[in-house]
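Chemist: What follows is the residue order along each chain.
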Amino acid sequence: MDLIWDGLRQSFWLLVRGDARVYEIMLRSLLASGAATLLALLIGVPAGTFLALRRFPGRALVLSAVHSGMGLPPVVVGLVLSVLFWRTGPLGDLGLLYTVRAIVIAQTVIATPIVTGFTVAGIQALDPRLRLQILALGASRLQLLWLLLKEARLPLMAAVIAAFGAVISEVGAAIQVGSIIRGETELLTTATVLATQRGDFGLAFALSVILLALVFCVNAVFTLIQQRGPRP
Amino acid sequence: MTARLTATGLRVVRSGRTVLEVDRLEVHEGEVLGIIGPNGAGKSTLLQALALLERPASGEIAFEGAPVRGRELAYRRRMAVVFQDPLLLDGGVEHNVTLGLRLRGVPAKERRARARRWLERFGVAGLAGRHVRALSGGEAQRVSLARAFALEPEVLFLDEPFSSLDAPTREALLSDLDGVLRETRTATVFVTHDRDEALRLSDRVAVLMAGRVRQVGPAWEVFAAPADGEVAAFVGVETVVPGRVAGVSDGLARVAVGEGITVWAPAPPVPAAEVLVCLRPENVAIAPAGEPAEAGSVRNRLPGTVVRVVPAGFQARVELDCGFRLSALITGQSLRELALRPGDRVTAAFKATAVHLIPHAR
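First to last, the protein sequences are chains A and B. According to numbering that gives the first Met the number 0, the residues represented by the first sequence are 0 to 231, in order. According to numbering that gives the first Met the number 0, the residues represented by the second sequence are 0 to 361, in order.
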């Protein structure tokens, strides 16, 4: 029991005193996962919209791939990207291995199918005649897409929540492509893994508490945005 | 009459099948053009093609004589469409009514003024601040109509706008819309499968069957003088029998129908020997055999036997065998007074002018 109490007490003081290392790790995690989620939105929303509205040969195959991608094992992503970024690998010259940028890329790869899948589902759930009505109101192609995405904003917010949740809590790929370099690539998850292995339970608890609080706060904000307006 | 919208050689293909083929159709300035036809005839497809929502495989649509091709968005912004379902977007009523104007870049003040004016005109000004999810079906359709009229369209399209409403709501809305259309004289294309709605709102009617326009003309004419047997059956002329014109005198034709039965009718505009004899059931009166059915100018009196009596709301449809099948629509009261039963001998009476002859080449 002492071990737990000591750990909790230590973590309390780390958080209250504003330990520089703890906050640096938190900020890095937030920025990396935030950037990855944003990139995933930039790729996944247009891709999902296209998949939802267009019919083309092989569409079912692409959709199946997207849906499989929603459950993509992070370690597989980590492995493939590690090989690509390896010093002697095809993208070795870019010097990305063991950097935060590599972590952002890995997390983007993990989050993009999630955003794409949610976008397809969200837009396909809309009444197909709504497209005709919006066009009939005088919408241009771009205005139509914008209004459809606005109509699908609930599932889109769900996409943000799911994508951010997946990448901020991910460990495998981050260690593989980013390693756990103190002051450079440590994240809340990877630093917790390391601290636990070393028996530094105070730091591990502190990082975990922050991780939980962060996930809760970010989700709370998006949920509030999602649930605005009267419901039936 | 100038044409606001003209479709020429219009052909729409879906999954390799031609679903619509219209040689020529015009929507005139200030008129309501009803498009009627059975389910699956291609009415909505025609509306969507005319409203520039569906690109035809071939053919041309011209707005006031100018082809729209390549400038669809600009012309679509001079039109408005109301569908069967209100299809409101998530948000408030005012947000919906002003949306089309916002897409056109109309200033906010003007948008609000127009929204208020048209919500008021359709009796739903009090709902401006409501969320669309809090509306009843009738209210939502009124908002949808206000949204279309707020655009002040040069051509308005209505695609069965009343068919998902209950009868009293539908009646109230029909009467409001009728008033607004008479007042604004907006050129309107009105798609419906309901013959009564079509007769009530339309100046002209086009009958669409299997993707082709079978007849276009003034509403009364289409209903009173259907171009062929199928149109006749659809517009509610339940008795359609082949006959042979035996002679014409004083504008009246003597038509032989079946074995030794003669029907008097106005002579067809083009001389024809073989004709279809069309008779609406409302125009047939029934009397017990031997009694005079109606005093005065009733030229046609045919003895017959009751085959079937089908009550239909406040009325009853009586099918008679007069040597050919003849259908009559009588009031519930007449039905009770006559106490008709299958097998009863009766006399069917109808004026010569109630009969319409369609030249019919076999």
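Just so you know, not all the hints are guaranteed correct.
Only pairs whose alpha carbons sit at most 25 Å apart, straight line, appear in this in silico SDA-like list of lysine to any residue [as the list claims (entries may be wrong)]:
(1) A:Lys149 - B:Ala73
(2) B:Lys350 - B:Gly289
(3) A:Lys149 - B:Arg16
(4) A:Lys149 - B:Arg111
(5) A:Lys149 - B:Asn282
(6) A:Lys149 - B:Lys350
(7) A:Lys149 - B:Arg132
(8) A:Lys149 - B:Gln83
(9) A:Lys149 - B:Pro106
(10) A:Lys149 - B:Gly128
(11) B:Lys108 - A:Trp145
(12) B:Lys350 - B:Asn282
(13) A:Lys149 - B:Ala284
(14) A:Lys149 - B:Leu102
(15) B:Lys350 - B:Glu170
(16) A:Lys149 - B:Gly91
(17) A:Lys149 - B:Val297
(18) A:Lys149 - B:Val131
(19) A:Lys149 - B:Arg101
(20) A:Lys149 - B:Ala226
(21) A:Lys149 - B:Gly289
(22) A:Lys149 - B:Ser135
(23) B:Lys350 - B:Val297
(24) A:Lys149 - B:Arg110
(25) B:Lys350 - B:Ala284
(26) A:Lys149 - B:Glu53
(27) A:Lys149 - B:Glu138
To be clear, the hints were calculated from the coordinates, so they are not data collected in a lab. Since the structure is predicted, the reported quantities are computational estimates derived from the model, not experimental observations.
Chemist: Compare the structure with each hint and give your call.
Modeler: Here's how the hints hold up against the structure:
1. A:Lys149 - B:Ala73: Between Lys149 of chain A and Ala73 of chain B the Cα gap is close to 24 Å, so the pair holds against 25 Å.
2. B:Lys350 - B:Gly289: OK: Lys350 of chain B and Gly289 of chain B at ~18 Å, within 25 Å.
3. A:Lys149 - B:Arg16: violated, 35 Å
4. A:Lys149 - B:Arg111: Cα-Cα ~22 Å, so holds.
5. A:Lys149 - B:Asn282: violated, 55 Å
6. A:Lys149 - B:Lys350: Given that 25 Å is the threshold and the Cα spacing comes to 62 Å, the pair is violated.
7. A:Lys149 - B:Arg132: holds, 16 Å
8. A:Lys149 - B:Gln83: holds, 23 Å
9. A:Lys149 - B:Pro106: Holds. Lys149 of chain A to Pro106 of chain B sits at ~22 Å (cutoff 25 Å).
10. A:Lys149 - B:Gly128: holds, 20 Å
11. B:Lys108 - A:Trp145: holds, 23 Å
12. B:Lys350 - B:Asn282: Measuring from Cα to Cα gives roughly 8 Å; hence the hint holds.
13. A:Lys149 - B:Ala284: Judged against 25 Å, a Cα distance of about 60 Å means the pair is violated.
14. A:Lys149 - B:Leu102: holds, 15 Å
15. B:Lys350 - B:Glu170: Between Lys350 of chain B and Glu170 of chain B the Cα gap is close to 32 Å, so the pair fails against 25 Å, i.e. violated.
16. A:Lys149 - B:Gly91: Within the cut-off at roughly 14 Å; holds.
17. A:Lys149 - B:Val297: violated, 66 Å
18. A:Lys149 - B:Val131: holds, 15 Å
19. A:Lys149 - B:Arg101: holds, 15 Å
20. A:Lys149 - B:Ala226: Roughly 49 Å separates the two Cα atoms, so the pair is violated.
21. A:Lys149 - B:Gly289: Judged against 25 Å, a Cα distance of about 73 Å means the pair is violated.
22. A:Lys149 - B:Ser135: Within the cut-off at roughly 23 Å; holds.
23. B:Lys350 - B:Val297: holds, 5 Å
24. A:Lys149 - B:Arg110: Holds: Lys149 of chain A and Arg110 of chain B sit about 21 Å apart, inside 25 Å.
25. B:Lys350 - B:Ala284: holds, 10 Å
26. A:Lys149 - B:Glu53: holds, 24 Å
27. A:Lys149 - B:Glu138: holds, 23 Å
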